[in-house]
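Enquirer: Chains as they are written, first to last, in our numbering: chain C, 1 to 164; chain X, 1 to 553.
Mixed in with the good hints, there may be bad ones.
Claimed, not checked - Computed Cβ-Cβ distance ranges for the label pairs, DEER-style:
| # | chain 1 | residue 1 | chain 2 | residue 2 | range |
| --- | --- | --- | --- | --- | --- |
| 1 | C | Gly-36 | X | Phe-163 | 54 to 64 Å |
| 2 | X | Ala-338 | C | Ser-24 | 45 to 55 Å |
| 3 | X | Phe-472 | C | Ile-30 | 28 to 38 Å |
| 4 | X | Ser-282 | C | Thr-40 | 21 to 31 Å |
| 5 | X | Ala-304 | C | Ile-30 | 22 to 32 Å |
| 6 | C | Ile-143 | X | Lys-175 | 20 to 30 Å |
| 7 | X | His-181 | C | Glu-31 | 50 to 60 Å |
| 8 | C | Lys-159 | X | Arg-223 | 48 to 58 Å |
| 9 | X | Glu-217 | C | Thr-149 | 39 to 49 Å |
| 10 | C | Lys-159 | X | Arg-35 | 51 to 61 Å |
Hints were generated in silico from the structure; no laboratory data involved.
A virtual CB, placed ideally from N, CA and C, is assigned to each residue, including glycine.
For reference, the chains in residue letters:
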Amino acid sequence: MKHVLAILVENKPGALTRVSGLFSRRGFNIENIAVGETVTPGIARMTITVEGSEALIEQVAKQLHKLINVIRVSNLSAEPAVMRELMLIKVRAEIGNRSDIQQIVETFRGKVVDVSPNSMVIEVTGNEEKMEAIKLLLQHYGIMEIVRTGKIALLRGSKVLRDY
Amino acid sequence: MILSALHKEGVEIIFGFPGGAVLPLYDALYDDPIRHLLVRHEQAAVHAADGYARVTGKPGVVFATSGPGATNLVTGIANAYMDSVPLVLITGQVAKSFIGTDAFQEADITGITIPVTKHNYLIKDAAELPGVLSEAFYIASSGRRGPVLIDVPKDVFDQEAPFEYDVHCEIPGYKPTYEGHAGQVSRAVKAIRSSKKPVIFGGGGLIRSEASGALRELADTARIPVVLSLMGLGAYPGDSELFLGMPGMHGSVTANYALTEADLIIASGVRFDDRVTGKLESFAQNAKIIHIDIDPAEIGKNVAIDIPIVGDVRMVLEEINRKLRPGETAAWLKQISAWQQQFPMPTGSLSANGGLKPQFVIRELSRLSGENTIVSTDVGQHQMWSAQHFIVREPGTFLTSGGLGTMGYGFPAAIGAKLAAPDKRVICISGDGSFQMNIQELATAVHNDLDLTIALINNQYLGMVRQWQDIFFDKRYSYTSMKGSPDFVRVAEAYGAKGLRASTSEEATAAIEQAMQLKGPVLIDFVVDPEENVYPMVAPNHPINDIIIGGEQ
C-alpha cells in the first residue's frame, strides 16, 4: 500500500540529504517527494510517498523521528486528507489536432500554458488516477516530456501538524 | 573558544592527531591544561575515545584534521554509532572559501558521516560554535548515546566571536523519552508475576543507562535468570548462579535453550541483533516479550513485541521493581541448572592439533587478573572465547566491538580505558589478525608509559573466517593464513614495550603471572592451537536451539 508521509523539518543545510539518505540506506523506496517552506520561518515541510506494509511505514516514521532536524512525522494516508500533484506535459500538437487536445484538457480541468507550431504544454493538477488518465489519452498524440512536482497533502478539517 | 567549551563540559582528555586544518586549534592546546593523547593513526583516536567513554560514561572527545585525518575516523565513528557510544568529534576543514573546490586535504566529512553519526554539523561562522558545541555534548550523551561530529573550517578557528556558553539546550526535534508509560509498566509487572518461565535478556543499554543495580534487584528478587548480549556483559555479575551467559551464535547452550523455552522474555536495552536471534521465524516462539528501550525505532524492528516500553531502562526497571514480589520460578531454575550441568562451555577439543588451548588462556587471564580489571577485545575467535570464558562482574569493564565488528578496536580502546581508570588493571585480548590493524599504537602506549597487558591469541590465522571456511567452505582456507606476521615479542621490544611468549599451559600461566607484576605495556604472545574452533555454534539463520555443540570435549 502507498503511504503519504508529511515531515516537518528544521530548514537547515543538509536536512533534505539526511531525510532522503535515510530512505536509501534503510532500503525504503521513495516514490515521490515534494519540499517547501511552511507558515513558520525556518521550518520546511516534506511530503514523501512510500510504498510498503504498515510495519515498514512505522519503522520509516520511527527512523525519521531519530533525525535531529525532524520535528514531526505524520502518516496522512491514515486520515482523510486532500492530496494533489501538479504535472506539466509537453505533447505533440499540429494545427489539425489542437482542438481535440484542448477538449481533453478541459475535461480534466487542465490548462494549456504554452503553444508552439508543433507542440503544446499542458498543466494538470489532481490525484494520481487523474494524472494517469490524462497521460493515457495524450499518449495517442505523442508525449514529448513530462515533469511532476510530487504529491503534496493536507489533512481535511481544522487539524494541523504542530511544528514545535 | 572550542577549548573553553570543553572546559565547561568537564572534558579531561582529548584523543587526536594534528594536521594543517587544525593548526590554530592545536596552537590553543599548546598551553592549555587539558590533556591531549597523541595517537599514531586517527582511527585509534576514535577507538581510544570510545574505550574512555564506555568506562566513564562521559563523551569521548576527538580532534583530527581535514581530508584524510577526518576520513580515517570513519570506521571508529561507525563502530561507536553501532554500539551507542557517546563521542564528540571535532574535525578541521579547509577554509570556507575553498570548500567545494577539491582543495588540498578537502573531504566532505559531514556528508560522509551522516549515516554513522547521531548528528553532525558544518560550522560556517564562529558565532555558531558555542551553541553547536553544547548541542553536540547534549545529543551525544542523552537518549540513545552516539557520536556527534563538528566540522570546522580553518578560518573559523581564527575568527573572533562572543562566547556565551549554556550547557543546557533545547532542540525542537529532539526530546528523548525517559519515563516508561505507566500503563505499560503495569502490564509488564502483571506479566512478570504470572510467568512461570521468565528470562531477562539484557544488552548494552543496561550499561549506558547505569541500570545494573536495578537489574540485580529485579533478577534477585523475582528469581529470574539473566542472559546478556555481547554488549551487555558486565551488567550482571558473570559469576552469579542466575547468570546463564550470552545467547546467540556463540552463546551458551543454556542461554539459547532458556530463550527458546521461556514463556516471558524481559528484553532490556537490547536490539535483537541477528547474531542473537538466529532465524527470526523460530525465535522465542513460546514467549511473551516485554521490550524496554530508549530508542522507539528498536521496538518491533526485528521481533514482534507484546509489551513495548519506550524509556530509560534504569528508570523503567526501577519502576517495575517497586511493584515486584518474589517469583515462583524454582521449577524453571531447576530445569536451567540441569541444562547447565549437561552443557558446560567447551574448553577446547582434544582432536585438534594439541598445544596450548586459547580457552585455557582466557580462563587463566580471568582467574589471575583479579576483580578490578577492564578487558577489551578485538574481533574474531578470541573475542568469542573472551565473551564465553572471561568472568565479567561489573558494567563498563568489558569493551568490545559488538555491532560493527571492527578488527583493530581492542588495543586503542584499552589505551582509552587505562586513561579513564588508571587504578584498574587493563587487559587487551587480541588476535594476530586484529592486533596488526592498530599495532602502531604500541608507540602511544609506550610513550605514555601505560600499564596494560596485551594478550595476543596467536593462531596464525584469521581464525573466525578460517572457522567458517572449515565448516561452510570445505576447508578451503582462502587467504586466511597470517603467515608473514612478525615476531610479536620482538616488535613489542622494538617499540620499547616488554614481550613474553607462551606455547604451553604452564608457560601461559607463568607469563600471565609475570605480566601482572610488570610496569608499562606488556605483550604476551600466546602461540595457540591454530585450528581450534569456537563452540557452541549456531549456523547463521538457524534457530538458536539448533546448536553445534562442537567436537570432542
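Enquirer: Give a verdict on every hint.
Expert: Now for the hints, and whether the structure bears them out:
Under the hint 54 to 64 Å, the C-beta atoms of Gly-36/C and Phe-163/X, about 36 Å apart, miss the expected range. Ala-338/X and Ser-24/C have their C-beta atoms about 50 Å apart, which keeps the hinted 45 to 55 Å range intact. Restraint check, Phe-472/X to Ile-30/C: a C-beta distance of roughly 37 Å satisfies the suggested window 28 to 38 Å. The hinted range of 21 to 31 Å is not satisfied by Ser-282/X and Thr-40/C, whose Cβ atoms lie roughly 49 Å apart.
Between Ala-304/X and Ile-30/C the beta carbons are some 26 Å apart, a value that agrees with the proposed interval 22 to 32 Å. For the pair Ile-143/C and Lys-175/X, the beta carbons lie near 48 Å from each other, so the given range of 20 to 30 Å is not met. Range check, His-181/X to Glu-31/C: about 34 Å between beta-carbon atoms, so the 50 to 60 Å window is missed. Under the hint 48 to 58 Å, the C-beta atoms of Lys-159/C and Arg-223/X, about 50 Å apart, fit the expected range.
A beta carbon spacing of about 57 Å between Glu-217/X and Thr-149/C contradicts the range 39 to 49 Å that was offered as a hint. The hinted range of 51 to 61 Å is satisfied by Lys-159/C and Arg-35/X, whose Cβ atoms lie roughly 55 Å apart.
Hint compliance for this structure: hints 1, 4, 6, 7 and 9 are broken, all remaining hints hold.
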